[in-house]
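**Q** In order, the protein sequences belong to chains R and P. The numbering of the first sequence is the working numbering, which starts it at 1 and goes up by one. The numbering of the second sequence is the working numbering, which starts it at 1 and goes up by one.
Hints are supplied without guarantee of correctness; some may be wrong.
Below 27 Å or equal to it, Euclidean Cα-Cα: the simulated DSSO-like pairs (lysine-lysine) are [said to hold, decoys possible]:
id : chain 1 : residue 1 : chain 2 : residue 2
1  : P       : K414      : R       : K488
2  : R       : K265      : P       : K130
3  : P       : K488      : R       : K505
Just a few of them, taken from the derived set where beta-carbon distance is under 7 Å, the chain R residues facing chain P [said to hold, decoys possible]:
id : residue
4  : I50
5  : D53
6  : Y54
7  : P199
8  : Y332
9  : R358
10 : G360
11 : I387
12 : I390
13 : M496
14 : A499
Since the hints were derived computationally from the structure, they do not count as laboratory data. The structure displayed is predicted, hence computed values, not measured ones. Note that the Cβ used here is the ideal one computed from N, Cα and C, for glycine as well.
2 protein chains.
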Amino acid sequence: MSELHKRIRRSSLHEKIMSPEETIPLFKNGMDLGWSGFTPVGYPKVVPAILADYVEKNALQGKMRFNLYIGASIGVEIEDRWASLKMTDKRWPYQTGKVIQKGVNNGEVRMGDKHLSLYAQDLGYGFYTKENGGKLDLAIIEVTGITEDGGLILAGSVGVTTEIVQIAKKIILEVNTSIPSFEGLHDIVMLDLPPHRTPYLISKVEDRIGTTYVPCDPDKIVAIVESRFPDNGRALSAPDECSEQIAGHILEFLQHEVKSGRLPKNLLPIQSGVGNIANAVVGGLVTGPFNNLKVWTEVIQDTMLDLFDSGKLEFASSTSLSLSADGFRRLYENWDFYTSRVVLRPMQISNNPEPIRRLGVISMNTPVEFDIYGHANSTLVMGSRMINGIGGSGDFSRNAYLSIMHSPSTRPTKTDPHGITCVVPKVTHVDHTEHDLDILVTEQGLADMRGLCPRDRAQVVIDRCAHPHYRPLLQDYFDRSQRECFAKGMGHQPHMLFAAYAMQKNLLEEGTMRMAGWS
Amino acid sequence: MSELHKRIRRSSLHEKIMSPEETIPLFKNGMDLGWSGFTPVGYPKVVPAILADYVEKNALQGKMRFNLYIGASIGVEIEDRWASLKMTDKRWPYQTGKVIQKGVNNGEVRMGDKHLSLYAQDLGYGFYTKENGGKLDLAIIEVTGITEDGGLILAGSVGVTTEIVQIAKKIILEVNTSIPSFEGLHDIVMLDLPPHRTPYLISKVEDRIGTTYVPCDPDKIVAIVESRFPDNGRALSAPDECSEQIAGHILEFLQHEVKSGRLPKNLLPIQSGVGNIANAVVGGLVTGPFNNLKVWTEVIQDTMLDLFDSGKLEFASSTSLSLSADGFRRLYENWDFYTSRVVLRPMQISNNPEPIRRLGVISMNTPVEFDIYGHANSTLVMGSRMINGIGGSGDFSRNAYLSIMHSPSTRPTKTDPHGITCVVPKVTHVDHTEHDLDILVTEQGLADMRGLCPRDRAQVVIDRCAHPHYRPLLQDYFDRSQRECFAKGMGHQPHMLFAAYAMQKNLLEEGTMRMAGWS
Numbered sequence: 001m002s003e004l005h006k007r008i009r010r011s012s013l014h015e016k017i018m019s020p021e022e023t024i025p026l027f028k029n030g031m032d033l034g035w036s037g038f039t040p041v042g043y044p045k046v047v048p049a050i051l052a053d054y055v056e057k058n059a060l061q062g063k064m065r066f067n068l069y070i071g072a073s074i075g076v077e078i079e080d081r082w083a084s085l086k087m088t089d090k091r092w093p094y095q096t097g098k099v100i101q102k103g104v105n106n107g108e109v110r111m112g113d114k115h116l117s118l119y120a121q122d123l124g125y126g127f128y129t130k131e132n133g134g135k136l137d138l139a140i141i142e143v144t145g146i147t148e149d150g151g152l153i154l155a156g157s158v159g160v161t162t163e164i165v166q167i168a169k170k171i172i173l174e175v176n177t178s179i180p181s182f183e184g185l186h187d188i189v190m191l192d193l194p195p196h197r198t199p200y201l202i203s204k205v206e207d208r209i210g211t212t213y214v215p216c217d218p219d220k221i222v223a224i225v226e227s228r229f230p231d232n233g234r235a236l237s238a239p240d241e242c243s244e245q246i247a248g249h250i251l252e253f254l255q256h257e258v259k260s261g262r263l264p265k266n267l268l269p270i271q272s273g274v275g276n277i278a279n280a281v282v283g284g285l286v287t288g289p290f291n292n293l294k295v296w297t298e299v300i301q302d303t304m305l306d307l308f309d310s311g312k313l314e315f316a317s318s319t320s321l322s323l324s325a326d327g328f329r330r331l332y333e334n335w336d337f338y339t340s341r342v343v344l345r346p347m348q349i350s351n352n353p354e355p356i357r358r359l360g361v362i363s364m365n366t367p368v369e370f371d372i373y374g375h376a377n378s379t380l381v382m383g384s385r386m387i388n389g390i391g392g393s394g395d396f397s398r399n400a401y402l403s404i405m406h407s408p409s410t411r412p413t414k415t416d417p418h419g420i421t422c423v424v425p426k427v428t429h430v431d432h433t434e435h436d437l438d439i440l441v442t443e444q445g446l447a448d449m450r451g452l453c454p455r456d457r458a459q460v461v462i463d464r465c466a467h468p469h470y471r472p473l474l475q476d477y478f479d480r481s482q483r484e485c486f487a488k489g490m491g492h493q494p495h496m497l498f499a500a501y502a503m504q505k506n507l508l509e510e511g512t513m514r515m516a517g518w519s
Numbered sequence: 001m002s003e004l005h006k007r008i009r010r011s012s013l014h015e016k017i018m019s020p021e022e023t024i025p026l027f028k029n030g031m032d033l034g035w036s037g038f039t040p041v042g043y044p045k046v047v048p049a050i051l052a053d054y055v056e057k058n059a060l061q062g063k064m065r066f067n068l069y070i071g072a073s074i075g076v077e078i079e080d081r082w083a084s085l086k087m088t089d090k091r092w093p094y095q096t097g098k099v100i101q102k103g104v105n106n107g108e109v110r111m112g113d114k115h116l117s118l119y120a121q122d123l124g125y126g127f128y129t130k131e132n133g134g135k136l137d138l139a140i141i142e143v144t145g146i147t148e149d150g151g152l153i154l155a156g157s158v159g160v161t162t163e164i165v166q167i168a169k170k171i172i173l174e175v176n177t178s179i180p181s182f183e184g185l186h187d188i189v190m191l192d193l194p195p196h197r198t199p200y201l202i203s204k205v206e207d208r209i210g211t212t213y214v215p216c217d218p219d220k221i222v223a224i225v226e227s228r229f230p231d232n233g234r235a236l237s238a239p240d241e242c243s244e245q246i247a248g249h250i251l252e253f254l255q256h257e258v259k260s261g262r263l264p265k266n267l268l269p270i271q272s273g274v275g276n277i278a279n280a281v282v283g284g285l286v287t288g289p290f291n292n293l294k295v296w297t298e299v300i301q302d303t304m305l306d307l308f309d310s311g312k313l314e315f316a317s318s319t320s321l322s323l324s325a326d327g328f329r330r331l332y333e334n335w336d337f338y339t340s341r342v343v344l345r346p347m348q349i350s351n352n353p354e355p356i357r358r359l360g361v362i363s364m365n366t367p368v369e370f371d372i373y374g375h376a377n378s379t380l381v382m383g384s385r386m387i388n389g390i391g392g393s394g395d396f397s398r399n400a401y402l403s404i405m406h407s408p409s410t411r412p413t414k415t416d417p418h419g420i421t422c423v424v425p426k427v428t429h430v431d432h433t434e435h436d437l438d439i440l441v442t443e444q445g446l447a448d449m450r451g452l453c454p455r456d457r458a459q460v461v462i463d464r465c466a467h468p469h470y471r472p473l474l475q476d477y478f479d480r481s482q483r484e485c486f487a488k489g490m491g492h493q494p495h496m497l498f499a500a501y502a503m504q505k506n507l508l509e510e511g512t513m514r515m516a517g518w519s
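Isolated chain R, as found in the complex (with noise of 0.2 Å):
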C-alpha cells in the first residue's frame, strides 16, 4: 500500500484519488475559494501550481479570477504567480509578495483585512460571500492524513480550515506524504452560529477542549491529490544591534514589573510577533531570567525552539508552526520532546480576545509606526499603500494584559539613514487606537502609557522612544499643539490638524522626514 493510500484512514475515500490535473475542471470564473494555510505553513501546493500552468498555457490570464479566502499569507512562488496571471479578485485577510503587493495597490487586487480573530467567524458566519449564500464554492486543504471518519489531520497551521471546510459546497484536499501525520498536534473546534455558542473552557495555556482532527462529510471531498512538496517556512535573519537594544528594554520593565508585583515570577503568556525585534525578545528569554515560561501567539517561530531548548519554555499555543527548513528539520527530529509542549488552534481561538484577556496575555508587535499620544499604525504606509495586512496584532494589543508595540526609532531612506521617525506626530493610518496600547517601545527607550492622559502620554513619548534627531522636533509640535488648542479650548489631545502630516510631506519633497521647523 502506498503511503498515500496509508495516510488516508478511510478507504472509501481512495476512490477519490487523482492527478491534480484531472481537478481543474471544478475551477470556474468568478469563484470563491477557501484554502488552508498560515504564514506560509501548511497551504496547497499542487492544486493551485498545476490551475496556474493551466491558465498560462491557455491564455486566460483575466478570465479565470477569483475571490481567495485563506488563514493568512501562504508561499509567494503561488501567491505572486496567481497575482501574476491576474488569477487573484479579492484577497482576505492577508498577504506577502511583491507581484500580489503591487496588485493590491494598483487597483487589480480587492484584498481586505480584518482581525484575525473576526475574519475566522465573520468568514463563518457567511458574510464574506453573502451573494454566494454565504458559502465557498470550492476549498483546498492541505491535510497529513484522513481518519477512519473522515476527519481531516491537518498539518502545520490551522487558520481558517474549520470555517472553510463547514462552509465549503466541494473540497480537494491534498494529502502531503513529504512530511510526517501530525495527528495529535491539533486541538480543533468548530464555530457554532449565535445564540448557540458555548464558552470556551480554556483556563491554562495547554488545555485542550477539542479534536485532534477536523470533522468533515466525506460527501463533500470532491478530488484527494498527492503532495510531495514539503513547506519552505520561514528564515529568520539575525538580530541586529537595534532590535537587541529594544529587547534590552522590554527584558527590563517585565523585571520591574515582577519586582513592583504586578507581574507571576513566570511572567504571564507571552503573545510575540514576526520580525527582527520579536525574535530579539525571544532570544533574550533564552537567556534571561525567567522560567516555567508559556506562550499563547499565532505563530511558532525558530527561536522558540530554542526556548524550549533552553528548559525555559513549558508550553505554547499557537496557530501555525511558522518555522525555516531548518527549524522544521529540528522538529521532526525531536518531535516528541517538542510535540509534546505545543498544540495548534483554530485562529478563532488562538486570537479570540476571549482566552486572549483570560489569560492575561502579554503581547509584543511591531507597527509601521506610532505617534506620541499611543496610536499604532500596522498595515498602511502614508495612510494608503497596503504592505501585508492586520494580522492579529489587533486582536493581541486590545486584548492583552500588557499590550506592547515595539519599533525602531527612524528607518533609512536613500538620501538619510534616520530620513524616516517611526514617531510621529499623528500616524497616517490608525489600526491600533489610543485606547489600546499600554507600551511603547524603541532603541531609545520604553515609554510607559498605563492610566496618563494624552498630554501626559505624549510628553513620555517624546522623551523616551524618540530619535534625539527627532525629539526637538517633535516636542516643538507638542508645545505648539497645546498652545494653539488650549486658546481655542479644544485640548484634551492637541494637534495642528493642516500640519499634522508636514513631516511625511517633506519626505516626498525632500527624501527626509527632518525639516526646518514647522512654519
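We have chain R already, so just place chain P on it with the hints.
**A** Frame of chain R; chain P shown alone:
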C-alpha cells in the same frame, strides 16, 4: 429602628454611621478616589457635595485636588461643581458636564478614556494607580443596603464598583434610603488576576454567574452616611424625523438579514447606545415585527421599559438603569415585572468581549463622524476637542455579530443647516477602525461594508450614506485619490493625505464644509 438601620443588616456596622461632615478629614489633597456610578445613576450624592462645600467655604480651590476613577458619567451637579472648584485632577474614563469638558480641553483636567471593559480590568490590575501600590486611597460607594455578611447591595448601576471595592484601602458608604433596596437585581463577579481567571459561563443573556451583593471586607468601611437623594436620571427627547428614518433603514436591514438566514427570527441580543437614534431604533422595535427579543447592553433607558411593556422584550442585561425620573417611577410601580427580567452586571462583564462575541450581540452606536473607508470618530471633534469619552462603543463594535454605526449625514452650523458632513474622506480621530465596523447608516441609507475592500466600501458609503449636498465632493475626492495613488502604486486605500482635511479647514474658515472643490 430607622430605615437606615434596617438597611444595614450587619448590626456591627451601625457604629460606623456618621454625618457627611464627619467624613471630611478622611480626604487629603492628591488622593486617588474611586466612586460608584454610571450614566449618571448610582453615584455618591452626599459626601462629594459636602466636600465641595468645605472646599468652597475654606477657599481651598486648587489645594484639594483628586484623581477620580468612576464607572462612567455622574450627575453634573457634582461633576461640574468639582471641576469649577479645581478639585478634579485626573478623571477616568468618561464625563458629561460643560464645566468638566472645559477643564478637559483647556488642560486643567487630565482625562483618559479606554474601552470600558479594559478600563475596569486595568483599574483592578492596579495599572492606573501604580505609584500608589495599585490601590485607591478612598472609595465612596452608593448602596441600597448591606447584608448580614457585610455584602454591599448596590443601587441602579454597577460600573467599576466591584474593582473599586477590591483595591480601595478605605470605603465610605452612602446608603440611599430614598429608593427601594435593589437586592436581587445584580449579578456580581469580582475580578480575578491572571493566570487565575476563569471562563464567564454566560451562554444566554439571562444567565447568572455571581452573587447579588459585592463582597466587602468590613474593616475597610470607615464611614456610613445616609443619602436621601434619588437619582435624577436622564430624560430623553422625542425622536426626530432623521432618527426615525435611520431606524427605518436599520429595521429593514434586520428583516432582510432574517430572510437571508443570517439572523434568527428573534434577532440576536441587542446593544443600543444612548441618544435620539438609539431611542428611535428601540421605538421601532416596539411596533416592529420581531418578538422574544433580548438585550445585552451597558445602559437601559426608558424606551426599554416600553419594549418590555410591549411584550416583545424577554430579558435585558446591563450595567446601569439609566432611566429618567419618570422611568424610575415606572420601574418602582411595576417592580416585580421589570426586575424579574433585568440583571445588572459589572461593566467588566457587560462590556467584556467574551460574552459579547459569544452571544452574537447586534451593536448600534452613534459616532461624531465616519469616513468613506469605514473608520469612526466617537470622541474628539477636529481630532482634539474631547466630548465625553469612548465609553463602551469600542467594546461592542469590535466584538459584535453585526457592528452598526449610525449618524445623521449632516449637522448644522451657524450659517449652513448642512454645514457639517458626518461622512468625511478621513476622520480627524480614529476610535473604531476599518477592521471593526460592518454597517454605516444615515437618514440617506445604509451601507453594508461586510466583505468589501476599502475602495468598494468607499463607493457604497458615498452612494448610500452621504448627503446629496456632499456626494459630489466626496466622489471627487475618491476619484482623484484613486488616480493619484494608483499612479504611485499606493492605492489600496486611496487618499490625498495632504488635502484630506480640507473640508474641515473650510469649516473653520468659512463656517461650512461645503467647499468649491479639492484644488
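**Q** Hint by hint, where does the structure go against what was stated? Just the numbers, ascending.
**A** 4, 5, 6, 8, 11, 13 and 14
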